[in-house]
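Enquirer: Okay, here's what each chain looks like letter by letter:
2 protein chains.
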Amino acid sequence: MTVLAVDIGGTKFAAAAVAPDGEMLARAEVPLRGPESAGRTLSEVVRRITERVAPGRLDGIGIGSAGPLDPRRGTVSPVNIPAWRDFPLVDALGETLPGRPVRLAGDAQCMALGEWWRGLTGDPAGRSRAMLGMVVSTGVGGGFVLDGVPYVGPTGNAGHIGHITVDPGGDPCPCGGVGCVETVASGPGMVRWAAANGWTGADARALAADARAGHPTAVHAFRRAAGALATAVLTASALFDLDHVVIGGGVAAAGPILFDPLRQAIERNTGLGFLRRLRVDPTSLGRDAGLFGAAALVLLQDSL
Amino acid sequence: MTVLAVDIGGTKFAAAAVAPDGEMLARAEVPLRGPESAGRTLSEVVRRITERVAPGRLDGIGIGSAGPLDPRRGTVSPVNIPAWRDFPLVDALGETLPGRPVRLAGDAQCMALGEWWRGLTGDPAGRSRAMLGMVVSTGVGGGFVLDGVPYVGPTGNAGHIGHITVDPGGDPCPCGGVGCVETVASGPGMVRWAAANGWTGADARALAADARAGHPTAVHAFRRAAGALATAVLTASALFDLDHVVIGGGVAAAGPILFDPLRQAIERNTGLGFLRRLRVDPTSLGRDAGLFGAAALVLLQDSL
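Chain order of the listed sequences is C and D. Position 219, counted from 1, in the first sequence is what UniProt numbering calls 219; the numbers after and before it change by one each time, with no gaps. Position 76, counted from 1, in the second sequence is what UniProt numbering calls 76; the numbers after and before it change by one each time, with no gaps.
So that you can see chain C by itself, here it is in the shape it has in the complex (with noise of 0.2 Å):
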């Protein structure tokens, strides 16, 4: 069996042909250009494979979309895809390969599963138990796998992980709550802090350029960021008892400058006896932890 997986980001779509035994037989990447071609850029990217892996080859859809989405209906309305609101991406990904099953979860929770199958844990005698994935970029998002399967709720919410509380006197969130993760650990919310306290630069690569040549403000922005994500972190393992957590996303990629702060400020706030055991690695996937992700929906369907 081998799967058609597709990656809805905010900005690009990414598909790729994906065997049982995780290796990728063709990859594809297309930008999105402007709110209205989403349609256009679907049919493209999933042209690019198909010419490349025969449709008759391919045995089933995996689907990792950016939210909100429901599920259970097989709906999509990505944030900065302002044209598709309760978008029937599953019916229309379903009509291109008629007759296959198609299935559907969020783009970080296909994160955490293509890590968990596929990343640092994917030696099956040292998979995770409980883990985390967080995509930290233009925002903040996560997902659980559980024994192996992820765990994605009754309304298939489960994992927001970038609006949960960590600074009560904090910023407002335009998702109604007040100091949430994202205010302050996302890209924008980086930028943001640092430009209020004189930094001049002009997005969060150039902070985190500014960071690692030794710029207090930038280095604060990140220290702080890493504070933040340290909560999050610990929260969610007194929680889930996680025994891993993996860190992707743009702001992840800055690499030491954000994981040494967020590693000393967990190791400093550990007090559980059973999160001693946590670890917390950067992702081992890079962008392609979503895609086999979203194969894995389809290609462990039978042991989730």
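Heads up, a few of these hints could be off.
Derived contacts from chain C toward chain D, CB cut-off under 8 Å, selection only [to be verified]: (1) 155; (2) 158; (3) 166.
Rather than coming from a laboratory, the hints here were simulated on the basis of the structure. Here the structure is a predicted model, which is why all the values come from computation and not from measurement. We treat Cβ as the ideally placed atom computed from N, Cα and C, and that holds for glycine.
Given chain C, work out where chain D should sit, using these hints.
Expert: Same frame as chain C, but now just chain D:
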């Protein structure tokens, strides 16, 4: 099948004989007199059941215990019972009724399962798909029931909601963390804050009475606790996609002086659409929730 349910608390032990339909055929409670008396108290509370329900009619033993505990090894180390450290509680009770299945979980995990089985959501048609039970008392504990199954995590410690940080600038917690829910919303935490702000009463019960009478510092102490609990409830709900939270314990028994500001704070900060369905209720079973849950560990074990 009738089950012996045992609830190991920090100040008292309770036991009951529970029939499969949830009827309590007998119930007993024995206060713990001095830390060395735990063994005698255990024998006494079990004897009070077996002298009313013949041991031959008891087909299994379910235990809820104050933590920490290790469900895999069947041992408990309740913080308030220093004489029991890695005490083999499962073996000890198993010797009382040889050959019967014995199951052990945390006290708050049992409270949650009891509420799920016999509480407000006890109508099978209306049962929660993802619920949190919280015990707010001398400490703050929690347990999750997901699709009718207690989620205890790989080491049995899931649900430690008393030790998530809700105020990063708050007081250090004996657990090693900072600003944990328990430092703000437990009885001792509330009394400590009120005393530091000029209140001169004796304990949490007196604080509740003063709050009901309109004493400003006492009212503020409950509002502050409610704010911390609201953050914790919303955090757990965003991560688990919860639909129901049930709160019991001595502090929760204070009633509207806690629940009114708690519901207001939740209402004010609920932005995520999927959380609008969340219900938050006081326990409907009082102190029996834990006994019902302990019984359910055995009675529902085929479905768990």
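Enquirer: Next, verify each hint and record whether it holds.
Expert: Status of each hint after checking the structure:
{"no.": "1", "hint": "155", "result": "5 Å, holds"}
{"no.": "2", "hint": "158", "result": "4 Å, holds"}
{"no.": "3", "hint": "166", "result": "7 Å, holds"}
Every hint, counting from the list given before, is met by this structure.
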